[in-house]
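Visitor: Each chain, letter by letter, is given below.
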Amino acid sequence: MIVGFALYPLAYEALLATPAAPFAEAFLPAITFMVVVLYTGLFAMSFDFISGYTGYLSFGHAAFYGTGAYFVVLAANGQVPGIPGGTPFMITLLLGAVVAGLLALVIGSVSFRLTGVYFAMITLGFAQVIYELIRSWGYVSTNPTEGATVSGDALAIGVPYVDALSLDVGRLTGESVENLLGLGIDLSTTVVSYYALGIVVVGCYFAMQRILHSPFGRVMIAIRENEERARAVGYPTYRFKLAAFAISGFFGAVAGGVFAAYSRSVAPDGTFYFLVTADALITTIIGGFGTLAGPVFGTLFTQGLEDVLSTESGGVATLLREGLPANVLEADLFGVSLELFVNTAVDGRAPLYLGIIFVLFVLFVPNGILGTLRDRLGGTVGKRLPDYLRRYRR
Amino acid sequence: MSLAPLAGAAPQIASLVDPGALLATGGAVDGLRTAARVLAEGIGKGAVYFTIAVGLTLVFGLMGVLNFAHGAVAMVGAYLGGLVLVLVVGANTGTLATILVFFVALALVFAVTTAAGSAMEVALIRPIYDRTPTYQILLTFGVSLIIEEVARIVLTLRGIQPNPQWQAPMGTAPDVLLGRTELFGVGVRRLYLFEVAIGALVAVAVWAFLTKTLYGLYIRAGSEDTEMVQALGIDVRQAFTVVFGVGTGLAAVGGVLLMWDPIWGPSVLLSIDVLLYAFVVVIIGGLGSFTGTLVAAGIVGIADSVTTWLFTTGIVTFPGLSEVTIFLLLVVMLIIRPQGLYGVEEVGGH
Chain A
14 MIVGFALYPL AYEALLATPA APFAEAFLPA ITFMVVVLYT GLFAMSFDFI
64 SGYTGYLSFG HAAFYGTGAY FVVLAANGQV PGIPGGTPFM ITLLLGAVVA
114 GLLALVIGSV SFRLTGVYFA MITLGFAQVI YELIRSWGYV STNPTEGATV
164 SGDALAIGVP YVDALSLDVG RLTGESVENL LGLGIDLSTT VVSYYALGIV
214 VVGCYFAMQR ILHSPFGRVM IAIRENEERA RAVGYPTYRF KLAAFAISGF
264 FGAVAGGVFA AYSRSVAPDG TFYFLVTADA LITTIIGGFG TLAGPVFGTL
314 FTQGLEDVLS TESGGVATLL REGLPANVLE ADLFGVSLEL FVNTAVDGRA
364 PLYLGIIFVL FVLFVPNGIL GTLRDRLGGT VGKRLPDYLR RYRR
Chain B
2 MSLAPLAGAA PQIASLVDPG ALLATGGAVD GLRTAARVLA EGIGKGAVYF
52 TIAVGLTLVF GLMGVLNFAH GAVAMVGAYL GGLVLVLVVG ANTGTLATIL
102 VFFVALALVF AVTTAAGSAM EVALIRPIYD RTPTYQILLT FGVSLIIEEV
152 ARIVLTLRGI QPNPQWQAPM GTAPDVLLGR TELFGVGVRR LYLFEVAIGA
202 LVAVAVWAFL TKTLYGLYIR AGSEDTEMVQ ALGIDVRQAF TVVFGVGTGL
252 AAVGGVLLMW DPIWGPSVLL SIDVLLYAFV VVIIGGLGSF TGTLVAAGIV
302 GIADSVTTWL FTTGIVTFPG LSEVTIFLLL VVMLIIRPQG LYGVEEVGGH
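So the sequences go chain by chain: A and B. The first sequence begins at 14 in this note's numbering and counts up by one. The second sequence begins at 2 in this note's numbering and counts up by one.
So here's chain B without its partners, still in its complex pose (with noise of 0.2 Å):
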């Protein structure tokens, strides 16, 4: 079962420069098609930091710890999503087969990081949550270390190059994705709906467990007050775990998603990049806030999609606009409205 002949597989990226930006010059029609263009581009970012981001949010409002494992998980997502698709889809398997088994990957990495994840919570940070909010953020860090490292090691063993991209999962992807379909007369990128698609997935998911399930209340509830849930006699603790363990499971389905992407990829990397925007999401959302952190990922997608697309018609001559805009959103939402966009006042003692 050696992966090493399959790390040789053809590369199948497309373009990152869109070709039809740079067609886009003059005429009140071209603008406003551009204009829905990059709005188009721009939500499909949005969903996928939506899906980086929704688990750490998740984790912060009920427990209040800044997980900083978040990436380090959503890369191991990434790498096991692809594992999947690359032992199971072949050149003859069919689109529709080949959409099954990324679900079937899904719902696979999901579950087994869900354990990991609760796993971790009793092992590690139970034993710790009477200490400073700061020996959390060290805790999950040193993990996230570990995790990375073993990561390495394990690739390394296997032929499989650490920090380049490893590119066969993404030549699994269905020819159907990499196209470009008409919508309202701009044509959007394809793979940009199939992630608002399982974007949209996730926030219903994750909707419908905070609202119809009992762990859900106890959440909503435990952001509000801890102690008066406890006093209510509520095992907070068992929640701790499920709440845990599920927002391991979400970072994990943001890495799966991302293994397609070809702006992403499979990578070590994907451990820092993932958790630094996730955490730009979720500052501007608001700590502990679902609703901020639809809206922020949003506000995000698209800030990078328009600021990439000034960058590629050569409006701007500065490579590094998109991030270094990403970043400035996080510094001055701190200075203007430290809670976030929609997060309660007193959530992380700012």
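Next up, chain A with everything else stripped away, as it sits in the complex (with noise of 0.2 Å):
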């Protein structure tokens, strides 16, 4: 799986020098959709962390993502009291999870004591107020609403205050780097932070599966599974769920802060509104609820179906534009062009086809792709491919 993201760059590239040029253009994600699988994939994985472990829906799990971008945004910018312009990013990383770890401790504290439906309302309540404070605050940009962006130079990931070990990251400010170990590969900016990314979200995805695996992990599935009983077995479910909370929290900040270090900027709409926490839950589901690695492959799912939609790499559209004869494209469409009808409801319409995969997938695959792959093979796919491969082989 890791592999196949670290080749991917390469094999992209390498297919665009052959004849199938126009159909991987078409069909294939691009890297800067890639780019954006790595972050919003690891805020799913977080949300996924704290609503498929132990069951209680984050509604406002948008709060904790906006917290990392916001606090990586402000430092970079000095706008942080107490850190000075330049500190390193990846510093400022991890004090804006810290603080979003913080922020789920006070929210939970008081979110805990609800369950179900009123557990999910609450938090999303929780979001919302700091969503619409964050649009109205005038001391984070001259125009709050559209939120702020990085005015320095580029953060870099990597070990901090060494620049041999650190690579800068952004579409436009990012490193390039030539003629990798003297192997003759060039890589692009953006391949060079999907790389940094890659670094930052791998580590992050070991550390969440090593707390999922530890006794501590088994306590959250005791709890989503059966609350009562874990508690009357002798757990203090509360402070775990908190605890589990925190972490989440922390890991999504994690995401909102690469986000933003790669983007350079933040806007209130991108990062705390509810629609951002819906985006993760779409993913989640889709790949797996309650399996780690579900909501990458639902991130990956999703952006594919988005990349193939927009015209902006090479898409269905423009396939179909090029592709299809004149006299077609101008048939008569309930009073439209069929060329007007492929612009409306191809381009960028994603959310529409991934509206009704989402119903179907609710109501036929509820164990999401990966869920159900692994019911499927009776347990991880690491640990039963060996197994079907060697029956095939005989």
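Please keep in mind that the hints were generated in silico from the structure rather than gathered at the bench. Any given hint could turn out to be false.
[Said to hold, decoys possible] Chain B side only, calculated, beta carbon under 7 Å to chain A, not exhaustive:
{"id": "1", "residue": "104"}
{"id": "2", "residue": "139"}
{"id": "3", "residue": "140"}
{"id": "4", "residue": "143"}
{"id": "5", "residue": "150"}
{"id": "6", "residue": "229"}
{"id": "7", "residue": "324"}
{"id": "8", "residue": "325"}
[Unchecked claim] Pairwise CB distance ranges, derived in the manner of DEER restraints:
{"id": "9", "chain 1": "B", "residue 1": "317", "chain 2": "A", "residue 2": "220", "range": "42 to 50 Å"}
{"id": "10", "chain 1": "A", "residue 1": "155", "chain 2": "B", "residue 2": "201", "range": "55 to 63 Å"}
{"id": "11", "chain 1": "A", "residue 1": "99", "chain 2": "B", "residue 2": "155", "range": "47 to 55 Å"}
{"id": "12", "chain 1": "B", "residue 1": "274", "chain 2": "A", "residue 2": "393", "range": "41 to 49 Å"}
{"id": "13", "chain 1": "B", "residue 1": "108", "chain 2": "A", "residue 2": "393", "range": "35 to 43 Å"}
{"id": "14", "chain 1": "A", "residue 1": "151", "chain 2": "B", "residue 2": "113", "range": "20 to 28 Å"}
{"id": "15", "chain 1": "B", "residue 1": "112", "chain 2": "A", "residue 2": "404", "range": "56 to 64 Å"}
{"id": "16", "chain 1": "B", "residue 1": "212", "chain 2": "A", "residue 2": "219", "range": "58 to 66 Å"}
{"id": "17", "chain 1": "A", "residue 1": "92", "chain 2": "B", "residue 2": "264", "range": "47 to 55 Å"}
{"id": "18", "chain 1": "A", "residue 1": "115", "chain 2": "B", "residue 2": "317", "range": "52 to 60 Å"}
{"id": "19", "chain 1": "A", "residue 1": "91", "chain 2": "B", "residue 2": "320", "range": "52 to 60 Å"}
{"id": "20", "chain 1": "B", "residue 1": "228", "chain 2": "A", "residue 2": "396", "range": "23 to 31 Å"}
{"id": "21", "chain 1": "A", "residue 1": "396", "chain 2": "B", "residue 2": "212", "range": "53 to 61 Å"}
{"id": "22", "chain 1": "B", "residue 1": "37", "chain 2": "A", "residue 2": "151", "range": "43 to 51 Å"}
Note that the Cβ used here is the ideal one computed from N, Cα and C, for glycine as well.
Take the two lone chains, each set in its own frame, and fit them into one complex as the hints suggest.
Guide: Structure (structure tokens):
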């Protein structure tokens, strides 16, 4: 899986050089979209960490993503008291994540007295309050509804204070590497950002995986399955839930932080808003609720769909427009030409098809891609796949 | 039957900032008048909040389903109602005729969306009753995504921009409603009176539905104890279908009411806005409680108008004040009394 992610940019570049290029451009996600997969995937994982493993739907999870993103941007602009402007990104990222973890403790301490729909609603309420505050807070920038931008240098992922071991990220401001290790491979800024973000995401994935496989993680699952029994056995479930929520908020903020470093600007609608949580929810359900890697597959799926349907890097709409004969394009369809229909109903309309797929998943594949796959195989893919392959080899 | 030329119709939006509020300075009588005006506006806003929230609480009360498609249906209602008015009402249509057309549109939209809601319940929600409530939230949320995107596609194809408000329906509001009327010595915008009238109408209709009809009896009994109702031989599944349909229809009625309101107006963004505000009202009042929704709508409406007044007079310079206050009300209510003002403790399993 990780190897697949690591080799993808090279394979994509190679494919673009072949005659299959138009189709590859139309149906494979571009590297810019793969970067989005990384940070939204990490955010979805952090959402799944609390919602999928303890069963408490955190509808205000965007609050942590936004905290991480805003903290990084404000710290880079020297607007956070006590932190000088030039502090390395890795340190501000960690600090922002700690702040978000503390915020999760505060929100959780009152929210975990409730369960079910009420828990979802109170976390949503908190996130909306913060969203409205940030939207109107003049300190952030002169136009707070539009958000803030990083005014200084590029932010670097790596070892702080060691220039050789850190890489600047960003689509325009990032570093590009030429002739990597003398192998004759050039990496563009986007690809470098992709790998730099990838390192952070993989690190976070293993950290969360470790927590979930520890006794602590078993208690989280016990809370999901039967909280009263877990309490009866003697676990202080309230404290466990609170700790899990703080960890989840921490990683959610890391996702927000790397997003802010890559995009160099944050807006309330893209960070603190309800729909940010909703996106994580959708990808988590499609990928597999209660499986840590599932959300990444879900994000890959949804972002892939979005890339295929958008024209930014050549998608289905472009392919249709170029591939179909003119008389077909001008054919009448309820008073509008087919071309206009393609432009409006296909181009950038991913949420529609995503909504349909999402409803179908909820109805027929409630365990998501990875959950269903594991049910079929009878265990995690990594453990069961060799057996299956061995069976077919005979 | 293209709508494109109508999109450019002259916008007739009443000024959002109340000139009366700016004049209200000093003097006990003036202070009293301002208070009365703010209260009247609050009740007007409360009527709107009630109309958009009542369907949500009805559905939750009986079925325990939190309908996330509620806002999307309200958005569709606003557009459909606007469509009817734009098609029928011309420059020469009289005031009374316009209001008559408004009511016809209201009835028409209600009928269509009630049928659609019932169909949705049978086709999509019925198969997943035995799963955890999370899946009903997810399913209705998915439906809301689809409705929203289809609306965007239709609007773009017809040349009406999706995001900004569609001005044409607001242009059909009769001039009488745009003025002010003297009431107890204060000038109250007539639109608010109209909204209060519609809100009262909806409240009475829902109340009659709950207390005078057989289905109302099922709902009230079912929200107390669904299993017992089933044991008494009542087909709860059929009642679910009817109630979900009516709840959806009421959402659309709320949408039609928003169509003439300059603060809202038909726009795709209504989908999320209506949903979030309806949640606040329903949670504060108590999930599943009709009286609670009525009282909570009044509280939220008055809180909204007071904070709006505080901002427009410059006492508070924070622009997001009224939104922050409304969501804070939600959070505070959930902390001190999770079941809401009139809610039953067991509902929703908190």
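Visitor: Starting from the range 52 to 60 Å, see whether the pair residue 91/A and residue 320/B falls in it by beta-carbon distance.
Guide: Check failed, 26 Å falls outside 52 to 60 Å.
Visitor: Given residue 325/B as an interface hint, is the shortest Cβ-Cβ distance to chain A below 7 Å?
Guide: 5 Å, holds
Visitor: Within 58 to 66 Å or not, the Cβ separation of residue 212/B and residue 219/A?
Guide: Cβ of residue 212/B to Cβ of residue 219/A: about 60 Å, so the range 58 to 66 Å holds.
Visitor: Under 7 Å, Cβ to Cβ, is where residue 143/B needs to be relative to chain A, so tell me if that hint holds or is violated.
Guide: 4 Å, holds
Visitor: Falls inside 55 to 63 Å, the C-beta gap from residue 155/A to residue 201/B?
Guide: Violated - the Cβ-Cβ distance for residue 155/A and residue 201/B, about 45 Å, lies outside 55 to 63 Å.
Visitor: Falls inside 52 to 60 Å, the C-beta gap from residue 115/A to residue 317/B?
Guide: This hint is violated: roughly 28 Å between Cβ atoms.
Visitor: Using the beta carbons of residue 112/B and residue 404/A, state whether their distance is inside 56 to 64 Å or not.
Guide: Given range 56 to 64 Å: holds, Cβ gap about 59 Å.
Visitor: Between residue 37/B and residue 151/A, does the beta-carbon spacing fit 43 to 51 Å?
Guide: This hint is violated: roughly 33 Å between Cβ atoms.
Visitor: The hint names residue 324/B as touching chain A; please verify it with the least Cβ-Cβ distance against 7 Å.
Guide: Check passed: Cβ of residue 324/B comes within 4 Å of chain A, closer than 7 Å.
Visitor: Let's test the interface hint: is any C-beta of chain A closer than 7 Å to that of residue 140/B?
Guide: Holds, about 5 Å.
Visitor: Is the gap between the beta carbons of residue 99/A and residue 155/B within 47 to 55 Å?
Guide: At roughly 51 Å between Cβ atoms, residue 155/B and residue 99/A fall inside 47 to 55 Å, so the hint holds.
Visitor: Starting from the hint 35 to 43 Å, judge whether the C-beta atoms of residue 108/B and residue 393/A obey it.
Guide: 57 Å, violated
Consistency with the previously given hints fails for numbers 1, 6, 10, 13, 14, 17, 18, 19, 20 and 22, ordered from lowest to highest.
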